Structures are given as C-alpha cells and as structure tokens.
Amino acid sequence: MDYSSDQNISQIISSLSHELRTPLTILSSNLQLLKSNNLNLEATVRAETFQLCEEALNSVTKFLDGIHFLNLANKQELRAQPEVFELDQLVHNVLNKRNTSFYGSDRIQVDPGFKQKQVCTDQELLTKVLIHILDNAYKFSAKEVFVKMTVENQHLIIEVEDQGVGIPADEMSLIFMPFYRCENVKMLSGTGLGLSIAHKAIKCLNGEIEITSAIKKGTKVKLKILLDEC
Amino acid sequence: MNAKKILIIEDDLALSKTLKNVLSLNDYQADIASTGAEGIQKAYEYCPDLILCDINMKPIDGYQVYNILKDSSLTSRIPFIFITGRSQLNDIRFGLELGVDDYIVKPFENEDLLKSIKVRIEKYEKLVNIGKNDYKTLLNLSPNGVFVFDGETIYETNQAFMEITGLNESEIKKITFDQLVSPKQYKKIEGKIMKCANGLSGNFQEEIQIRTASGTKEKYILHVSPSQKHNGFTLLIGLLAHAEQSTDSAQLEYEKLVNILEEEKVYISGNLAHKLHKAFDSPNGGMQQQGGTSTMLAKSVFSKREQEVLNLSCKGLPIKIIADQLSISDRTVEKHRASLMEKTNAKNIVEVIIYALKNDLVEI
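If you read the sequences in order, they're chains A and B. Heads up: the first sequence begins at 1 in the numbering used here, then just goes up one per residue. Heads up: the second sequence begins at 1 in the numbering used here, then just goes up one per residue.
By construction, these hints were calculated from the structure, which means they are not laboratory data. Treat the numbers as computed from the prediction; the structure is a model and nothing was measured. Treat each hint with caution, since some may be false.
Think about it this way: if two alpha-carbon atoms lie no more than 25 angstroms apart in a straight line, the pair counts; the simulated DSS-like pairs of lysine-lysine are [unchecked claim]: (1) B:Lys118 - A:Lys35; (2) B:Lys20 - A:Lys186; (3) A:Lys139 - B:Lys58.
The following residues of chain B were derived to be distant from chain A, with all beta-carbon distances above 12 angstroms [said to hold, decoys possible]: (4) Leu13; (5) Leu19; (6) Leu141; (7) Lys187; (8) Phe204; (9) Ile208; (10) Pro226; (11) Cys314; (12) Gln325; (13) Asp330; (14) Ile349.
Heads up, the beta-carbon is just placed ideally off N, CA and C, and yes, glycines get one too.
Generate the whole structure from the sequences, applying the supplied hints.
Quick look at the structure:
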C-alpha cells in the first residue's frame, strides 16, 4: 500500500470502511434477528442465520489478514523461512484449505508430473500465493483450471491456466495495486487484494510472476521461484 | 390481507439473504435482485410495494436504478429506500434531492429499518386511497359512460356506461369495443383508436352511434385518451357523452377524469378484472389535483395548529417568533413540533421540514 499521498490514504480508508461495513451489517442484523426471536426461528432459517454470521466473520478475518500481510510486506518485515518439503504436501494444503472459493471443487486439475519432488522454500508463503492465484482463476472462469508444476535448474515453475473472462490489456499494469479491481469483473464480489498479496509474497520468495491474458479466452499465470539450498 | 411485497436490490448475496429473512419474519414478502439491471426488471414484473436498494453496485448503481424507475409511470410511485455504507452528508443530500424516500446507513438496527418501511408503505397507501376516492366519486356521479379499454377489450366501466349500453359486468367482459357500434361506425374510428393505443397520437373525439339499452342507435360523442402503459400496450380511457348535451361540460369533466387517471397506477389481474391501483401526487400531474391531494393529506395527518407551526418552521423562523406570530407560548410551539416529529417519524425539526417539502405539504 502506498501511503505517499493524502489521496491514496483516503482511498484506502474508504475501501476499508466499505469492505468492513457489509459483513458487520450482516452480523449485526442476523444477531438482532436471533435475539429478538429468542433463537426461536424455524430450523432452516436459524441454520442460515448462523451460517451468514460465520461467513461474515470469515470475510472480515480474511480481509484483516490480507491487510496485515500487505502492511508487513510494505514495512519490509516479511521474511521467508525456507524448509524442505514435498510438493504433494503443498498441493494437499492448498486444496484442503477451507474458506477458499475452490474448496471441494473438481474444477482444479493438477498435472501429477510433480509427484514426490522435494523443494526448499517458504511453504507458508508459497501456499498463500497459490491460494490467491487459484482463487482468481476459479472465480473468474466457469471451466477447468489447469495447474502444472516443474522443477528445473534450481527453479520451481508453477503454471495456472484458466479459461475465464481475462484481464483487459489496458488494466494489466494496475492489477497488483491493492484494492484495484478490473472493470470487467466489478459485478463479482471481491476485495481487490488477492493479486497484491500474491505479488508481495512471490517477491519475498525471490520469484517472479508473469501474467498473459486474452479477454474472454482466459488467463495464464506463470510463477518462477528460485529455490533455496537447504 | 395480502403481505406487502418488498424488492431487495443488493449485490451482496449474504446481505440480501439477511434482509430477506428479517423481512419475512416480519410478515413481508421479499424478493431479491442481485444487480441493478435485474432490479429494474423485477420492479416492473413484481410490482413491489416498496424497494430497498444498495447504492454501491456495478455496473448500474443505485442512483441509476432510482432514476430509471422514476421515469416510468408504472414504477415511479413505489417508495424507494436506499441502503448505503456512505454516511457522508453530501451523498444523503444528493439522494434527497433526487427524491429518494429514505436512507438507511449500514450497519443498521433491524427495528429502524422495519419502522422506515412501515411508515413509507402507510404513507403511500394513504395517498393511494385519497386518489382512489377522488376517482371513484367522480366516476360514479358522472352521467357519462366511462370505460377503460385497450382498443378492444373493455376492462372497467362506471355505472353510467352500463346504463347506456344496457350490459352488465359479465356481459361487458365478453364483448369487445367494436361490438358496441355498427361495423360502418367502427371503421370511422378504428384508425384513430389504434393510433392512440400505439402511442402515435394523443386524444381525439368523434361523434358515433351507439347501440343503447333500448335497442335503438343513439348519437354520442366519444372521447378517447391514452392512459397508463401496461406490458407494452397503452390503456385507453373512453368517455361517452350524449350528443345533445353541452359538449363543454362533458369535455371539462373528461379532462378532470383523465387528470386523475393519469395519476393512477393501473394493472390487470388474472381474470382481466381491472383495478385502479395506486395513486400519488406527481410533479408532472395536473396542478389542481395535486394541490388537492396534498392538502387533504396534510389535513388528515396534522391538526390546524400543527400545520401553522410547520409552515412557519419551514420559513426558518425560531420558536420564539413562531410563538409570537401564533399568539401561543414557546412551550406550546415545542409541543406541536414534537408531535410533528412523531407523526413524520423525524428525529428533529429539520427532518420534519424535509418531509414536508418532499411531500408538498407546505408552500415556501
């Protein structure tokens, strides 16, 4: 986040207040509903009310985590902690993370060529990157999302390809800005933080992110990470 | 009584589900639209009694939804409440200038929301009833035959129309307008009626012969004017005045009726029974009628003293001066103001004034 001008700060504050207000409203309204009816709601309505509360809490938590992460990255306080792990473990972690849009979906197709390969990098950061990239690929397309991982010359290369709406060419330079959302997806819900978080995390991993996209055809994200030696 | 229908236009599904539950548990029937475009479409199809609308939506925002719905006579009178995260005064002022009925700022108390909805719907119904009564009285007193039709099918008539034609309600439902006149007579007016129904021309009048109750043909002056649009076709108002009568008085009465009917929201239910549904004071409407309705509303809601206090308050006068002008004590003025706030559901006197201005209850 760029705090360099008043205008940016005011934009950040207005995004913050907008992002928090809606889940807070949902929480407050549903709690009042439960309270005023002494929890005596029809079973399905009560279940939905609790679920709406939980979802609202999750979205607030997720949003605050995102902000916190960007803030750490901005202050240069983000440190990669490399460790050796198997790529199977990474894929398992990502696909089994609850509260992602793609949780439990069979639309994510992972090429099994990476099996049993060991790498050394920060597993937590890489998981974060992959979750945000997959989240977008899944959210902005209705078809399969293909994931391919290869290790060569001490680099881990991850390719995520979707067949979705695509990113407008004139907005390509803006997509890593916090809160930025492309014109063609503004009617879909989202905070505009995902790619900025992925971008910051990949930088911290000594990696690069390369995005190619064609409108209404799809987007291909290529991550190239320099692996540590441990 | 049927549950009141509320349309929720909100792009956050979790919030609209929440609102729907809150409303359903308070005996409203709620429907959800998740984009501005869908909201506009549903407002036409669903004919809600009230609309709750988010402002911050893409690509069509709440202000655009409001403006589009206000442009159509079918939807322009539906009470409209914005739900917004924007709490800036400028935004609210902007909305009020547009004529929005109320603002609810997120997060809100469910009770405040329900109260606002209740007040708007009640106010709306009061005005509908005033309009309806005006219309019914005029219709039933009229010696002229009045009927609403689409060029062919006749949907509603008054008593005089049935007396002229000798047909009862169920018989009228079975016939079309052309059967009331001879084919030759119908040819003379067919083109004009079609033009009117297609919106190609305004009103017209023509002398025709009608088959009357006694079986003879009598000369009448037929006035026809376009009224409300419904599902793409225009409803027409027809009036039959005896040819011997002074055309002037028939014309005058007819204009008055058209004025009122233009103020009405008309729709056709399943069995084609035609109901005059909703009326409201419109800024485009006939001035005389509008003034009448508003004054009637003011009279039915506020006491004479309260109206005087309201008028002076709207001029921006302080309590002391108002008290002097009306020769009452300061405390009494305050009491009247408190009562005004209660009746208009306002939190302070400024809100009372806004309410009064929006509803044309005072002149400045």
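Verification of the supplied hints:
{"no.": "1", "hint": "B:Lys118 - A:Lys35", "in the structure": "21 angstroms, holds"}
{"no.": "2", "hint": "B:Lys20 - A:Lys186", "in the structure": "24 angstroms, holds"}
{"no.": "3", "hint": "A:Lys139 - B:Lys58", "in the structure": "17 angstroms, holds"}
{"no.": "4", "hint": "Leu13", "in the structure": "8 angstroms, violated"}
{"no.": "5", "hint": "Leu19", "in the structure": "7 angstroms, violated"}
{"no.": "6", "hint": "Leu141", "in the structure": "49 angstroms, holds"}
{"no.": "7", "hint": "Lys187", "in the structure": "53 angstroms, holds"}
{"no.": "8", "hint": "Phe204", "in the structure": "47 angstroms, holds"}
{"no.": "9", "hint": "Ile208", "in the structure": "55 angstroms, holds"}
{"no.": "10", "hint": "Pro226", "in the structure": "37 angstroms, holds"}
{"no.": "11", "hint": "Cys314", "in the structure": "34 angstroms, holds"}
{"no.": "12", "hint": "Gln325", "in the structure": "45 angstroms, holds"}
{"no.": "13", "hint": "Asp330", "in the structure": "39 angstroms, holds"}
{"no.": "14", "hint": "Ile349", "in the structure": "29 angstroms, holds"}
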